[in-house]
Structure formats: C-alpha cells, structure tokens
Amino acid sequence: MTIDLTRFHSTFFEESLEGVAVMESELLEIERQVRRGGKQAAESLDAERLNCIFRAAHSIKGGSGTFGFTQVADFAHALESLLDEARSGHRLIDADTANLLLRAVDCLRALVHAAKDDGPAPTDVETLHAELERAQANAVAPAAKAVAAATASVWSIRFVPNDRFFHTGNDPLRIFRALIDLGPIATHADASQLPVWEQFDPQVCYLGWDIMIEKAMARDALDDVFAWVVGDCELTIEAPTATATATVVNAVAKVDEKAASSIRVATAKVDGLVDIVGELVITQTMLSQLVEDFTIERAAQLQAGVAQLARHTRELQDAVLGIRMLPLGFVFSRLPRLARDVATLLGKQVEMEISGDRTELDKAIIERISDPLIHLVRNSVDHGIEAPQERTRQGKPAHGTIRLNAYHKAGNVVIEVLDDGRGLDRDRIVAKARERGLIAADAAIDPSQIDEFIFMPGFSTSETVSDVSGRGVGLDVVRNNIRTLGGGVEVSSSPGQGTRFVIRLPLTLAIVDGMSLRVGSEIYILPLAWIAETLQVQPQDVTQPAGGPEIIAVRNEFVPLLRLDRIFNVTARATNVNEGLVVIVEADSKRIALFVDELLGQQQVVLKSLEPHCQRLEGISAATILGDGTVALILDAGSLVRQAHSAAAVLAAASNALHPSAAASAATLH
Amino acid sequence: MNSSAQIAGTSRAAEAEQYLTFRLDGLDYGIPIHQVQEIRGWTKVTPLPNSPRYIRGVLNLRGTIVPIIDLRLRFNLPEVPYDAITVIVVINVGPRLAGIVVDAVSDVIDLDPEQRRNAPEFEGQANRQFVQGLTQVEDKLLVLIDVDKLINHDALAQAADAA
Numbered sequence: 024m025t026i027d028l029t030r031f032h033s034t035f036f037e038e039s040l041e042g043v044a045v046m047e048s049e050l051l052e053i054e055r056q057v058r059r060g061g062k063q064a065a066e067s068l069d070a071e072r073l074n075c076i077f078r079a080a081h082s083i084k085g086g087s088g089t090f091g092f093t094q095v096a097d098f099a100h101a102l103e104s105l106l107d108e109a110r111s112g113h114r115l116i117d118a119d120t121a122n123l124l125l126r127a128v129d130c131l132r133a134l135v136h137a138a139k140d141d142g143p144a145p146t147d148v149e150t151l152h153a154e155l156e157r158a159q160a161n162a163v164a165p166a167a168k169a170v171a172a173a174t175a176s177v178w179s180i181r182f183v184p185n186d187r188f189f190h191t192g193n194d195p196l197r198i199f200r201a202l203i204d205l206g207p208i209a210t211h212a213d214a215s216q217l218p219v220w221e222q223f224d225p226q227v228c229y230l231g232w233d234i235m236i237e238k239a240m241a242r243d244a245l246d247d248v249f250a251w252v253v254g255d256c257e258l259t260i261e262a263p264t265a266t267a268t269a270t271v272v273n274a275v276a277k278v279d280e281k282a283a284s285s286i287r288v289a290t291a292k293v294d295g296l297v298d299i300v301g302e303l304v305i306t307q308t309m310l311s312q313l314v315e316d317f318t319i320e321r322a323a324q325l326q327a328g329v330a331q332l333a334r335h336t337r338e339l340q341d342a343v344l345g346i347r348m349l350p351l352g353f354v355f356s357r358l359p360r361l362a363r364d365v366a367t368l369l370g371k372q373v374e375m376e377i378s379g380d381r382t383e384l385d386k387a388i389i390e391r392i393s394d395p396l397i398h399l400v401r402n403s404v405d406h407g408i409e410a411p412q413e414r415t416r417q418g419k420p421a422h423g424t425i426r427l428n429a430y431h432k433a434g435n436v437v438i439e440v441l442d443d444g445r446g447l448d449r450d451r452i453v454a455k456a457r458e459r460g461l462i463a464a465d466a467a468i469d470p471s472q473i474d475e476f477i478f479m480p481g482f483s484t485s486e487t488v489s490d491v492s493g494r495g496v497g498l499d500v501v502r503n504n505i506r507t508l509g510g511g512v513e514v515s516s517s518p519g520q521g522t523r524f525v526i527r528l529p530l531t532l533a534i535v536d537g538m539s540l541r542v543g544s545e546i547y548i549l550p551l552a553w554i555a556e557t558l559q560v561q562p563q564d565v566t567q568p569a570g571g572p573e574i575i576a577v578r579n580e581f582v583p584l585l586r587l588d589r590i591f592n593v594t595a596r597a598t599n600v601n602e603g604l605v606v607i608v609e610a611d612s613k614r615i616a617l618f619v620d621e622l623l624g625q626q627q628v629v630l631k632s633l634e635p636h637c638q639r640l641e642g643i644s645a646a647t648i649l650g651d652g653t654v655a656l657i658l659d660a661g662s663l664v665r666q667a668h669s670a671a672a673v674l675a676a677a678s679n680a681l682h683p684s685a686a687a688s689a690a691t692l693h
Numbered sequence: 011m012n013s014s015a016q017i018a019g020t021s022r023a024a025e026a027e028q029y030l031t032f033r034l035d036g037l038d039y040g041i042p043i044h045q046v047q048e049i050r051g052w053t054k055v056t057p058l059p060n061s062p063r064y065i066r067g068v069l070n071l072r073g074t075i076v077p078i079i080d081l082r083l084r085f086n087l088p089e090v091p092y093d094a095i096t097v098i099v100v101i102n103v104g105p106r107l108a109g110i111v112v113d114a115v116s117d118v119i120d121l122d123p124e125q126r127r128n129a130p131e132f133e134g135q136a137n138r139q140f141v142q143g144l145t146q147v148e149d150k151l152l153v154l155i156d157v158d159k160l161i162n163h164d165a166l167a168q169a170a171d172a173a
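So the protein lines, in turn, are chains A and B. Everything in the first sequence is counted per my numbering, starting at 24 for the first residue and increasing by one. Everything in the second sequence is counted per my numbering, starting at 11 for the first residue and increasing by one.
One should not assume that every hint holds.
Said to hold, decoys possible - Facing chain B, according to a computed beta carbon distance under 7 Å, are these residues of chain A, among others:
no., residue
1, F591
2, K631
3, P635
4, H636
5, C637
6, A646
7, I648
8, G652
9, V654
To be verified - Here are a few chain B residues that sit away from chain A, every Cβ distance over 10 Å (derived from the structure):
no., residue
10, Y92
11, Q139
12, V153
Just so you know, the hints here were simulated from the structure itself, not pulled from any lab data. Note that CB positions come from ideal geometry on N, CA and C, so glycine has one too.
Pulled out of the complex, with its shape left as it was, chain A reads as follows (with noise of 0.2 Å):
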C-alpha cells in the first residue's frame, strides 16, 4: 500500500508556519532578556524558551525530511545546529546572534511558503546558511563552561524490546532509570502491537520506544547502557546530527495572510454549537407535536414553545457569529517584531506591552484591522518615541514602551495604541495646516481639534520622508480603513508624555449601527459610523454659486447639499431646507450634508449582499431587512461623498471668485 503523502502537506505547511511564529515569539523575548541584562541574563537564559524555538526547528526539519522537501531540511537542519549549542550551553547567545537566529527564522519563513505555492526560494538562503555555518564555526563557548567535548547533544534511540525480553530477566524501567542518570530523556512509547484484552500475556513486552537523550558525550556511555539487552530487542542509537523524530510544538496558532482561507475553531465552540442543535430539534418535535393535535387549550403551551424557539434560535445566531471570532492575539502577535525591526532602523529602542490579546473579533475584521494597526505602531516608533539620547535628557528610560491594550466596551471592542514617546507636535500641525490652508491665518483651534488633523490625506510632520513612515500617505488610510469597517478612531496626546490612538470596532460585520431615515415613503439605513452630525438648516443657509450644485454653510465650512430624493429619483415629503433635516456624513475626510424627510431612530441591522442577484448600485452598499420584513437599503456613504464632491470640484472655483472670504474653507472640498 502507498500512502500519498500529498495529503498531509497542508497541516505540515500549517505546523511549519506555527512553528516559525513560535520561533520568532520566544527569540524576541530572548533578545529582549539578553538586551535588558546583558551578559549575565545571556547566561542564565530561560532555558525552557531555548528548547522550544529548537523542538520548532527540529519538527520542521523532520516533517520537510519526510515529505521530501529538502531545501527547508538542509536549512533548518543548519538553524537547528546552531540552536542546539546554545541549548547545551556551548554558545551565548547575544545581540548579533539573535539578530541573525530570527533573519534566519524569517528566511525559513519563506522558504516553507516558497514549498507551499512552488515558488521559488527566497533570494537570501545561501548567504543567510553560509552565516549560520559560519556562526555556528566559532562558537564562543561560554567562560563558565568551557567544554571540550563538540559532540551534539541529542541522541535518539530506538528500543523495541522482543517478546520474550521479560524471560530474560530484564526490565525496561531499569534501562530508563540508566539513561535518566546519563541525561534528561524524552520518549515516546509505541503501544501499536498491543493485542486485545482477551490476547494479552503479561509475560510479553509489547512496547517499544522511540527515546531521545540530550547530553554531550560519546556513544560508549550509550553502549553500556544497553550492553546486557542488545541481544533481546531491537536497537537503533542514531548520532544527533541525524535525529529525525517529530516532536510536538506547542502550538500558538498564527494566521498568515495566504493561509486564512480556513479557520481553527475550538472544539469547545464545536461542540456548544451541536449542543444548541440538539436543542433545537428536540424544540421543533414538541412544537409539531403540538400543532398535530392542536387544541385551544393548548395554545399557551405553543406559545411557549415559540418562545423556546426564538430563544435557541438566538443562541444559534451567537454561536454561529462566535465561530468567526478569532482573538486580537492573531494581530498582536507580529506587532513586537515589527516594533522591534523599526526600531533597530531608527536606532531607537522600543519595548511593546500587551495585554487583552484574547479579546475576540470577527475573523473578517481581524485579517482587515491588522494594517491599520501596523501603521499606528509604526509610526509610534517612527514619530513618538525619542531617540534613547533624547529620552535620558528628558529624565524618561530610554527605551520608549509602546502599549497595546484591547477589551470590550459597550458592544464595542476599542484597541488602544498608546506610546510614551514626544506626543504630537500641535505648533508644527497648525503651521502645516496653515501651510495647505485648511485653517485661517489667524483663526483660533481647540487643541483636540489640532490633533484631529493628522488624520487628513498627505498630512505628514515628519522632517524627513524614511523608509519607516512620513511619506504623507497616512493616518487618513488608517481612518478610512477603520471606517469601512464600521468602526473610528480617535486621537489624543499630551506633550512630551505620548499619544493615544483608540480605535473603536464592531463585533462582527455582519451587524452595523445605523441610522433609519425617511425620504418620502422610502426607508434607507446610514452607518452611524460616517454620520458626524445632524442639523436643521434655514434656507437662507443655502446657496447655489452660479448655477451649479447646492452648498450650505455648517459652522466655518461650506458642505455640498446633497439631496437623497433627487438623487435616487423618489419623492420627498419635504422640499424646502428647513422641512427636513440635514446629515453631515464625513467619509475620506471629506462632507456632505444629506438632506432627507426626518430621522427614525438608531437601530442594528444585518447587512444583506444585494449581490450575486442585483448589480451593484452608486450610492448603496447593501440591503438590510426590517422588522417587518420589507428590504431597507443601507446608503454607501463614501461612494455619496464621492458623488457629491466631484460635483463641487467645479464650484469650488466658483465659489472662490464669488466668496472671497470662503475660499479657505472651500479649498477643504478637494
């Protein structure tokens, strides 16, 4: 029989990316522990973290050996070397060696997704292999622990006694108690020739063992070991350099942008989910039970089953939604690295703090959230946090802490980027913002809404365009990703302390928060999230600069009017201004006001694809249904805004040779 081991590609792929991700975790810990406390921390290094990032690199080695995959053998075979005399204590490891442990994890990283899609292998494998030979060639053997012998360390031996080992006066135990004298041993008992109960003899020894024995030293002592058994079972004692057995990485599982197509969900989640099943149909057997024989007496008894009804229907509802909730900790876990690497660019030193990784979110936000807050935290370390010289002076530590902190909040789950670093700049935002004249020479600003500026497109105060951030390509993106995804963000800060960017976000995508309006007799749904405001207006608010669209003042600012009725064709109740109301909805940091019949109130809706079965529509970016059962379309704000402003661009001008006094505030609808 072949087995095709195609099969099993996948949830090697998977383990192998698990296992880099548990690499790169534990080394930046490492690193951090060698940086804090330098050479006496090198020494005393958390051992058990050393010999997780080895058991990781020695199943990938073994699992890519098996499936044949011999470029990520060689070079895991080379990390894991390398690895090994850290762990025996034949190596210290510091800065640099960490520095070139995790590029190496990095180029192990690729070179398993390269096997993975057939492509071809990252640019930087034989340098990279080169370095960690050449590394691994002089080792610098600690001063405590000079020892002579290069022997590696993990032997592996395999150990099958044969049926009639007991007859023969031996034990088994006898030879782990010997082996655990030499050095700490694992094993792994086979029991697959174990018989039926009815079939056992207990004067056999059905099991064998696959043993592995980490210590320096040569083969004889091994030899001795088993001298008086060799006859009586089968022995195999392989030499570490060819260890082949798979051990178990404690797995923290990492989704990867190419392999989220499926999703890992608890089998505690499973199982609650079966059980609400279970609950359900016993539910409907009584209810159509009791509508088989149905009298009116009965009917308090249906009404209660319904009840019942409603109510696992509900927790199926949960549960189903739960299935898609993954926990921050997915995101979180590559943000320290990135931290890290910019970091070590701009010559800064950062450390990051987490906390509330468990916080669930919808695995669609989650794989949609995670570059929003790559760019927070790289433009913390980039704009925030000081240089170390700059820090001491101001009596700070001189590394920055940048913390990121999640929880859940009145349906919300708010993600909090705080840094402890300068804090924003509000004279060089002002000066910028007059600079692109979005405030008045000599206007006054509120500081929070100094802050608020960052958020515009081609905002940037970084004095010099780097490779890390100041390309003025920015926080408008962060603002707007947040916003496609039914959430905000805000910003605050204080100078010289740090700066705190809270992002606010829905459970699931599947509900929003809207708005009901009424435009005539129809009914449309507007995400709160874009609303910025609602306001009565007087038609003396309102002009139409030559000819063109109508604006109407709000405050300072000169908003496009956009009225629903005529742009979806329907007829309104209310004509003139001051008949109706008027909506601020801001999208990519530009207004509209919306003019519709009257505000219904705020409620949650399930959002409902209009497609595969309707084209998509300007203006609306799905359907919902109401309590009634009739469909409500849910307005597609930034494609209203669109609209509206590509209309204004033509009265901008206009407004400008006619307004003179408006023409600052007319420049914002660019």
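Position chain B relative to chain A; hints supplied.
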C-alpha cells in the same frame, strides 16, 4: 416521455420539457419549469434607485434579497395596476435569482421540442431577443421565453444605466 425522446433527433435536448405558462396582456408565455423556483402573490417591494423602470425593486425572499422585474414594462406593454391575481414567478438562472411580475399563471404543460418553431423574423422589435421560440398548444399561440437572456440582459442594462 421516452417515446417522444426517440422521435426527436434535433440538436436541442431531445426530451419533452415541462413549461410553466402564464398570461401577459392577453398572450400566453412559457418558461421552462426547471428554472422556476416558486410562485407567490404580489407584495410591496423596495424600489432600487437609479435602476431601469421595469425593475420594480427588491423583495425579501426568506432572507435573500431578490430583484423583481415587471414583465409588462420590460416588454413595453401597457402598465396595469397590480391586483389580487398578479403574481411573482421566482426564477433562477445559475446562481442568480429574480422575480418576474406577470398577470396570472395558467398551467404546466409538456412540450415536445419537435413542436417548437423559431419565431418569425418579421416582428422586428426589441423583444425578439427574449423569445426562444413559438409553439401551439390547443390552438393557442405560446411564446417561449429565454430566461437566461432576460436576466442577463437586465444586468447589462442596469450596469449601463448606473454608469
């Protein structure tokens, strides 16, 4: 059914097909029954902005949002008020669902492909493209509708109108 299958030697599916027939402005039309998902009475729909007039709007069909097309308007026939016997025939074409509003449904008939004739060319009107063929059932003319064209054409028209 099998016997008719023996006779038929055309390139078309050589088997008697079942058609749902319905009335529209005094004429009988037929659509293949396997493309009919359900028939339901007229209920109020939600209008879709910036869509052709013949798309009456969308309807909630047990959680799915389905567009509703008025076939009278589609075929440029005189508009009549909807009443108690106005029905929506929900049809599916591949993954897409749509409802068509017709005056009334009449019958389900077996039709041998041999009986089908191509529509004559002299009509020269826009609706020609939706007509798959003509046939006679009990001395009455039956117009067979090409549902795929009907739905896909709407998609195109709608995209063009929105642009």
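Here is how each hint holds up against the structure:
no.: 1; hint: F591; result: holds, 4 Å
no.: 2; hint: K631; result: holds, 5 Å
no.: 3; hint: P635; result: holds, 5 Å
no.: 4; hint: H636; result: holds, 5 Å
no.: 5; hint: C637; result: holds, 5 Å
no.: 6; hint: A646; result: holds, 5 Å
no.: 7; hint: I648; result: holds, 5 Å
no.: 8; hint: G652; result: holds, 6 Å
no.: 9; hint: V654; result: holds, 4 Å
no.: 10; hint: Y92; result: holds, 16 Å
no.: 11; hint: Q139; result: holds, 19 Å
no.: 12; hint: V153; result: holds, 25 Å
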